[in-house]
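A.B. asks: Residues per chain, in single letters:
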Amino acid sequence: MTPRMLDCGDTAFTVEFGNLISPALLAAVNALDAAILRHRDDPALAGIIETVPTFRSLTVIYDPLATSREILESALARLLEESGDAAAPEGRQWRLPVCYGGEYGPDLEHVAAASGLAVDELCACHAGAEYAVYMLGFLPGFPFMGELPPSLQLPRRSEPRVRVPAGSVAIATGLTAIYPWESPGGWHLLGRCPAPLFDASRAAPALLAAGDRVSFEPIDEATFVSLSADCEAGRIDPQRWCITGAERS
Amino acid sequence: MSTLEIRAPGALSSIQDAGRRGYRRIGVPWAGALAPQLMRIANRLVGNDEGAPVIECFGGGLSLAVREGSARIALTGDADARLLRDGEATPLAPWRSITLVAGDELRVLGSGRDRAVTLAVAGLECPPQMGSAATYARAGLGGLDGQPLQAGARLNAADAAGKAEMVLRKPPERDDEAPIRIVAGPQADHFDDAALGRFAGSDYRITAEADRMGMRLDGAALAHRDAGSREIISDATVPGSIQVPGNGLPIVLLADGQTAGGYPKIATVVSADLPRLALRRPGDRVRFELVTVSEAESLARAAETLTRALLAGIAPLGDDGIDLEALYTGNLIGGVVNALSPD
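Chains as they are written, first to last, in my numbering: chain A, 218 to 466; chain B, 126 to 468.
It is worth saying that the hints were derived from the structure and are not from the lab. Each residue gets a CB set at the ideal place from its N, CA and C atoms; glycine is no exception. It is possible that part of the hints are untrue.
[As the list claims (entries may be wrong)] According to the in silico footprint, chain A covers these stretches of chain B (three or more CB under 8 Å from chain A):
| id | stretch |
| --- | --- |
| 1 | 142-156 |
| 2 | 333-341 |
| 3 | 373-385 |
| 4 | 425-435 |
[To be verified] Computed beta-carbon distance windows for the label pairs:
| id | chain 1 | residue 1 | chain 2 | residue 2 | range |
| --- | --- | --- | --- | --- | --- |
| 5 | A | 241 | B | 407 | 44 to 54 Å |
| 6 | B | 406 | A | 288 | 31 to 41 Å |
| 7 | B | 318 | A | 295 | 28 to 38 Å |
| 8 | B | 276 | A | 319 | 33 to 43 Å |
| 9 | A | 260 | B | 253 | 22 to 32 Å |
| 10 | A | 456 | B | 126 | 37 to 47 Å |
| 11 | A | 421 | B | 437 | 40 to 50 Å |
| 12 | A | 421 | B | 228 | 43 to 53 Å |
| 13 | A | 327 | B | 406 | 38 to 48 Å |
| 14 | A | 372 | B | 193 | 51 to 61 Å |
| 15 | A | 372 | B | 317 | 18 to 28 Å |
| 16 | B | 437 | A | 283 | 13 to 23 Å |
[Said to hold, decoys possible] Some residues of chain B that are not near chain A, with every Cβ distance over 12 Å (derived):
| id | residue |
| --- | --- |
| 17 | 211 |
| 18 | 227 |
| 19 | 263 |
| 20 | 275 |
| 21 | 289 |
| 22 | 300 |
| 23 | 439 |
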């Protein structure tokens, strides 16, 4: 697979493997990312500040005072030859609580109507599917997850919201996500999750990692309020919602 | 030790440093000083490491008072500031250090032609979080409790009594008319053939929607190649990425900008010019000019050489505390000499 090299100014470039969301492209992205990490002591790779893996590309951010695009591009060409597709990392499995509808999911009924499902069916369909965490980004700890069942796939809202509350569980196109922070956003809001997705005091600040698998468990409003309070007060560890795999931190 | 109290934080004053590296893969932007050169000079003027935490006063209006001890401070940028001592206000020049004593109050009234000025304090204490003291309020990281400075907040710093004051005799030259250099891509091919030329050839106005995350520009709309080109599968952004949403009006991402996005990016502002753009004010006009990647890398090296030359030009102010060259505004002299006599 010969990737395209996209210019991102004098401090970065993006190695783009393709133009769709697919396990093969994700594997290629992860393989190059892992190869760079493995060879980080190679003098030819000096000056790389960090790499950012996304659905279909790896962005390499570098210090133009310490290296150059030319040096890094030829070093990466060698890595691309030797790095096959790395096996996907063994992700953890999560079952995260969600309170669907009401004030927490203001778009639930609209999405139900658009997808031709009853509200109950929609919740069961969204909660019951298993999603892969493709990447984190946009906001700290924000997980882009998929693939959403085809019946739930809608374009983004035409008018983005100025304020999406933290914890909102949302869908757009083939993806679902949880907003870790209040922010503007254009996705459809189905419900709210009480688990804190980002905590700088944890060894791994982001709760979820690329490669993890997530499904949801519907909870009622009273449970949501109580779990939110417990999380906020630090009385419960969000690792309780991790059902397989060792805690990485 | 010295203690400072924030009396009024102004529009948006926050603790920033060289920024938080290594966490963009989990969605955490670098944050950090919008103008690293101003941070480095201010820190060196007070004897700190170049990348130590500073106060970035965005939009002007900061007022802080020394409550205990003596604090050495320095302002960099187009600062309009006053020292209040014993009930008397005197102008305070940027580009030099000065030692404030208990009871003194510093007021940054404005940031002149810029959006922000930088205030360094010798030995300012702010523990790093995830490797940096830079405030990133959206995730509550860095600074004081992860937030911009609030009225009443207290900061600890070194006690600075008895050290020589420093001055930068020739502050950096500025050219507000010079174009902002950009490199085309990563998604220039999502726009029609004329878009890049139109972007680089017309004036854009910085709108009121401009903050540490980014700035929306108003001007010639840039047409996407077709309806399918208005969005991309989200990929990584960097500070300087120029996103163009469906309305065709560019958004430049800055230090606090999101780490990934689904709008195509027509170009990227070169690192040498990004601070200059980030400091422009709403209503200001800017013009962009295309360069290649290797030209942009050369510009980065030239900018660093210039900054190092500026840093090397920092020198002791002199025993009498009077430096006519530094006091480039004639009517400041009386006040500043007055302000310079703590001992």
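A.B. asks: None of the hints should be skipped; say for each whether it holds.
C.D. replies: Consistency of the hints with the structure:
| no. | hint | verdict |
| --- | --- | --- |
| 1 | 142-156 | holds (count 8) |
| 2 | 333-341 | violated (count 0) |
| 3 | 373-385 | holds (count 3) |
| 4 | 425-435 | holds (count 3) |
| 5 | A:241 / B:407: 44 to 54 Å | holds, 46 Å |
| 6 | B:406 / A:288: 31 to 41 Å | holds, 38 Å |
| 7 | B:318 / A:295: 28 to 38 Å | holds, 35 Å |
| 8 | B:276 / A:319: 33 to 43 Å | holds, 37 Å |
| 9 | A:260 / B:253: 22 to 32 Å | holds, 28 Å |
| 10 | A:456 / B:126: 37 to 47 Å | holds, 40 Å |
| 11 | A:421 / B:437: 40 to 50 Å | holds, 42 Å |
| 12 | A:421 / B:228: 43 to 53 Å | holds, 47 Å |
| 13 | A:327 / B:406: 38 to 48 Å | holds, 40 Å |
| 14 | A:372 / B:193: 51 to 61 Å | holds, 59 Å |
| 15 | A:372 / B:317: 18 to 28 Å | holds, 23 Å |
| 16 | B:437 / A:283: 13 to 23 Å | holds, 21 Å |
| 17 | 211 | holds, 43 Å |
| 18 | 227 | holds, 34 Å |
| 19 | 263 | violated, 5 Å |
| 20 | 275 | holds, 19 Å |
| 21 | 289 | holds, 31 Å |
| 22 | 300 | holds, 20 Å |
| 23 | 439 | holds, 21 Å |
Going down the numbered hints, you'll see the structure goes against 2, 19, while the others check out.
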